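Peer 1: Spelled out, the chains give:
Number of protein chains: 2
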Amino acid sequence: MRRRLVRPGIYQKVEVGFLQELYSIISDPQRIKTEGIAEKYVTDNLGRLQGTCDALVFPVSTEEVSGVMKWAYANSVQVTPRGAGTNLVGSTVPEHGGIVLDLSLMNRIVELDEDTLTVTVEPGVLLADLQAYVEARGLFYPPDPGEKQATIGGNISTNAGGMRAVKYGVTRDYVRGLTAVLPSGEVIHTGGKVVKDSSGLSLKHLLIGSEGTLGIITECVLKLIPKPAFVMGALVPFDSLKTGIDAVIRLIHENVGPTAIEFMERKVVALGERFMGVSFPYPEASAYILLSFDGNSEGEVRSNAERARQSVVRSGALDFLLLEDKETLDEVWKVRGALVKAVEAVSEQEPVDIVVPINKTADFIAYANKVEQESGVQLISFGHAGDGNVHLCVVRGERDAEAWRKDLKAVMSRIYGKSHELGGLTSGEHGIGLSKKPYFQKATDPAVIAAMKQIKDALDDRHILNTGKIF
Amino acid sequence: MRRRLVRPGIYQKVEVGFLQELYSIISDPQRIKTEGIAEKYVTDNLGRLQGTCDALVFPVSTEEVSGVMKWAYANSVQVTPRGAGTNLVGSTVPEHGGIVLDLSLMNRIVELDEDTLTVTVEPGVLLADLQAYVEARGLFYPPDPGEKQATIGGNISTNAGGMRAVKYGVTRDYVRGLTAVLPSGEVIHTGGKVVKDSSGLSLKHLLIGSEGTLGIITECVLKLIPKPAFVMGALVPFDSLKTGIDAVIRLIHENVGPTAIEFMERKVVALGERFMGVSFPYPEASAYILLSFDGNSEGEVRSNAERARQSVVRSGALDFLLLEDKETLDEVWKVRGALVKAVEAVSEQEPVDIVVPINKTADFIAYANKVEQESGVQLISFGHAGDGNVHLCVVRGERDAEAWRKDLKAVMSRIYGKSHELGGLTSGEHGIGLSKKPYFQKATDPAVIAAMKQIKDALDDRHILNTGKIF
Numbered sequence: 010m011r012r013r014l015v016r017p018g019i020y021q022k023v024e025v026g027f028l029q030e031l032y033s034i035i036s037d038p039q040r041i042k043t044e045g046i047a048e049k050y051v052t053d054n055l056g057r058l059q060g061t062c063d064a065l066v067f068p069v070s071t072e073e074v075s076g077v078m079k080w081a082y083a084n085s086v087q088v089t090p091r092g093a094g095t096n097l098v099g100s101t102v103p104e105h106g107g108i109v110l111d112l113s114l115m116n117r118i119v120e121l122d123e124d125t126l127t128v129t130v131e132p133g134v135l136l137a138d139l140q141a142y143v144e145a146r147g148l149f150y151p152p153d154p155g156e157k158q159a160t161i162g163g164n165i166s167t168n169a170g171g172m173r174a175v176k177y178g179v180t181r182d183y184v185r186g187l188t189a190v191l192p193s194g195e196v197i198h199t200g201g202k203v204v205k206d207s208s209g210l211s212l213k214h215l216l217i218g219s220e221g222t223l224g225i226i227t228e229c230v231l232k233l234i235p236k237p238a239f240v241m242g243a244l245v246p247f248d249s250l251k252t253g254i255d256a257v258i259r260l261i262h263e264n265v266g267p268t269a270i271e272f273m274e275r276k277v278v279a280l281g282e283r284f285m286g287v288s289f290p291y292p293e294a295s296a297y298i299l300l301s302f303d304g305n306s307e308g309e310v311r312s313n314a315e316r317a318r319q320s321v322v323r324s325g326a327l328d329f330l331l332l333e334d335k336e337t338l339d340e341v342w343k344v345r346g347a348l349v350k351a352v353e354a355v356s357e358q359e360p361v362d363i364v365v366p367i368n369k370t371a372d373f374i375a376y377a378n379k380v381e382q383e384s385g386v387q388l389i390s391f392g393h394a395g396d397g398n399v400h401l402c403v404v405r406g407e408r409d410a411e412a413w414r415k416d417l418k419a420v421m422s423r424i425y426g427k428s429h430e431l432g433g434l435t436s437g438e439h440g441i442g443l444s445k446k447p448y449f450q451k452a453t454d455p456a457v458i459a460a461m462k463q464i465k466d467a468l469d470d471r472h473i474l475n476t477g478k479i480f
Numbered sequence: 010m011r012r013r014l015v016r017p018g019i020y021q022k023v024e025v026g027f028l029q030e031l032y033s034i035i036s037d038p039q040r041i042k043t044e045g046i047a048e049k050y051v052t053d054n055l056g057r058l059q060g061t062c063d064a065l066v067f068p069v070s071t072e073e074v075s076g077v078m079k080w081a082y083a084n085s086v087q088v089t090p091r092g093a094g095t096n097l098v099g100s101t102v103p104e105h106g107g108i109v110l111d112l113s114l115m116n117r118i119v120e121l122d123e124d125t126l127t128v129t130v131e132p133g134v135l136l137a138d139l140q141a142y143v144e145a146r147g148l149f150y151p152p153d154p155g156e157k158q159a160t161i162g163g164n165i166s167t168n169a170g171g172m173r174a175v176k177y178g179v180t181r182d183y184v185r186g187l188t189a190v191l192p193s194g195e196v197i198h199t200g201g202k203v204v205k206d207s208s209g210l211s212l213k214h215l216l217i218g219s220e221g222t223l224g225i226i227t228e229c230v231l232k233l234i235p236k237p238a239f240v241m242g243a244l245v246p247f248d249s250l251k252t253g254i255d256a257v258i259r260l261i262h263e264n265v266g267p268t269a270i271e272f273m274e275r276k277v278v279a280l281g282e283r284f285m286g287v288s289f290p291y292p293e294a295s296a297y298i299l300l301s302f303d304g305n306s307e308g309e310v311r312s313n314a315e316r317a318r319q320s321v322v323r324s325g326a327l328d329f330l331l332l333e334d335k336e337t338l339d340e341v342w343k344v345r346g347a348l349v350k351a352v353e354a355v356s357e358q359e360p361v362d363i364v365v366p367i368n369k370t371a372d373f374i375a376y377a378n379k380v381e382q383e384s385g386v387q388l389i390s391f392g393h394a395g396d397g398n399v400h401l402c403v404v405r406g407e408r409d410a411e412a413w414r415k416d417l418k419a420v421m422s423r424i425y426g427k428s429h430e431l432g433g434l435t436s437g438e439h440g441i442g443l444s445k446k447p448y449f450q451k452a453t454d455p456a457v458i459a460a461m462k463q464i465k466d467a468l469d470d471r472h473i474l475n476t477g478k479i480f
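Protein chains in written order, with this note's numbering: chain A, 10 to 480; chain V, 10 to 480.
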């Protein structure tokens, strides 16, 4: 590997003539665009942050990605990888120009290996497509982030979480092996189809959640499980969110293995109802807990649901509405899934996905409600009660740009400060990217940030890969 | 952080006078030993590799560890951390002299937090003590490596696996947060009591399995689960190991959630029987699969065991002996647990813990049997059929030192070569340390090793922490 002493941060602008070499790496000139590049390629799903892009490249193989990176390394060109661009924190924004590397054409399902219960995919495969593919074959990929049009590469890069994390864990727990291209263009293989791995430093786990700052994932071996045969849900109304959250903590001790434990305050349910044209029972409830259960035997699932019922009723639930038929269950989950969109239908919002120790969830939300009252900025919360991962929509309303910037900053400071004080972290599943950098920086030990930077410097000595994200 | 340009590899010998500063860091002079240091402190559990040690230090707090590392960093003194010294690959051998840092006095259980289902412990707590502590309180720490006298810090440093990995995963999956001292002496906190974490590069996951090469773990937040109320086992004899392993692959597809799936060939069971003074049924079987099941309801556990019975009988099991009473179950597991000692009672042996994709387990063992026949070196295999993690004892027998060195090298080359060819890795749970370095080096992409070294260089620029291990 060549290592020239070029100061990081000085990047070559990619002029048209300069691109000639790239045409020998990317076989089809159609897959290099230098003009008429759509705006979505220089931003993320929220579109608030914008970068610039000299050339948009669509590689179709690990070799092409490696070729591009070798070229970029040699020439000090900045590269920003992206999948479907569903990111919410600016991780895909090409802040320093250069090349945007769109991996969406690398969307093949390479191999389903039923013996080892693994599926090998390229990073551009969409979550929805992967889920459909494996479920049609009696298998199951448990991670279930709300955004199904995200790519698997993107899910891995942010260590996406989702609804089923309570029982099944997060994306990290389903990555068995990764092929990745390092900033130097070197290709590495980490992990594999094996289950256990104590063979040196875990580059795999370092890459997971690194938001494309250390390497570009070009192939993923994912763990599958047999598809659970029975699924059931329950909607549990409470007269206060605090009672609901306390009930969840007791429920987790009952060992009834819920797949998902979500909470929704009444005010967000009201938006969801309006948005989806449905209505929830118990409109007088101030909060709902939404549960689901799955398993391979109906008896086991029913028995778990019944034990859950007994537990939450003891803890003060107003009712326990079993959702047995798939249609009702799907409808309720659709409302849950549409909450962000329901909020956005009313106003621009800034998403927060802090995570606190599960027994601090109610304290955090109480604090958010206090901030809402004191600041006049509407804060809508819902999320994963089973793991303390709270989604908070900070609602812009009618504010002009200046007022919004000021109010948002003030609210965010308080919110992230509180999360930190409660032993929480900045992000449970969205990542840090650009937009959460200041809060992450403030909430995190300088020694931790310094160590992260040292690792970045070590693997990307020219700072050419997605520079400026996270730290 | 000071960073002087000292060439890594040039270490200061710790003379007595030079230690004065250390006495101001470690409050009690009794906790610094420079004379009469027992031999166990310069080796590992196998005692085959030996280092040297100028001073043995027993810190009692993160602050003391930090103080020692700052001093060592400033003076370019090599530091080798250790727990109970049960390591099998030389990770605790102080190859470059200097300080041995024994963390066994840091053995407090700091906090049990039942709300978040976490226990916070110092790294010197023994696995056996942790298991007993939480189980007495109705809770459960699932990782279950064979060696119960290992420390939790050691378990994390090798990402120890164990019997229950099939259902519950490995040590990595139960580490929520870590406090660690970096080679510079800086203290970092990563993770916490939170369940999800997408907040920057995962230093936590990088430290797990790093064998004390990147930092010294000084506090661990571990995930617990409620203790399963029912446990049951089954001993399943087969007429060939291949039939047994194929049955396991089918069994995993049945979704009956076994806690453990172990395999034992007849020849190792015979040693275990003799060693423990018991006898297994079906002495004519050439292999056994040992299963266990647990859960919170007896009906569920029984139903899973019954479905497992049907599955393995369909796959050609000779019988399915349900182990219902705890005594019989414990006795059979004791034999399984004593296999290494049973082998060692007969001869010195070199342990292998390769991991292959689960459907390659039978191929790997068939190859090991072939190597045994061709080389005349006895190879005894058993291990974790549910995750492809094969333990192989390479038996010395009556060989003199020279013949043993030669034969061992030849056998190991073939064994590790085959594992690599089958898509396997060098270690599933023991780590690489010193003794597996040559095989790891040979089986691993140079780019992967280079990236690991870059990370090591970045976090330990003076190479003062457990230098020479892994890579």
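Hints were generated in silico from the structure; no laboratory data involved.
Misleading hints may appear alongside valid ones.
[Stated by the list, open to error] With a straight-line Cα cutoff of 20 Å, these simulated DMTMM-like cross-link-like pairs (lysine to aspartate or glutamate) come out:
no. : chain 1 : residue 1 : chain 2 : residue 2
1   : A       : Lys-79    : V       : Glu-340
2   : V       : Lys-232   : A       : Glu-156
3   : A       : Lys-446   : A       : Asp-416
4   : A       : Lys-343   : A       : Glu-156
Since this is a predicted model, take the numbers as computed values, not measurements.
Peer 1: Does each hint fit the structure? Answer for all of them.
Peer 2: How the hints compare with the structure:
no., hint, in the structure
1, A:Lys-79 <-> V:Glu-340, "violated (59 Å)"
2, V:Lys-232 <-> A:Glu-156, "violated (28 Å)"
3, A:Lys-446 <-> A:Asp-416, "holds (18 Å)"
4, A:Lys-343 <-> A:Glu-156, "holds (12 Å)"
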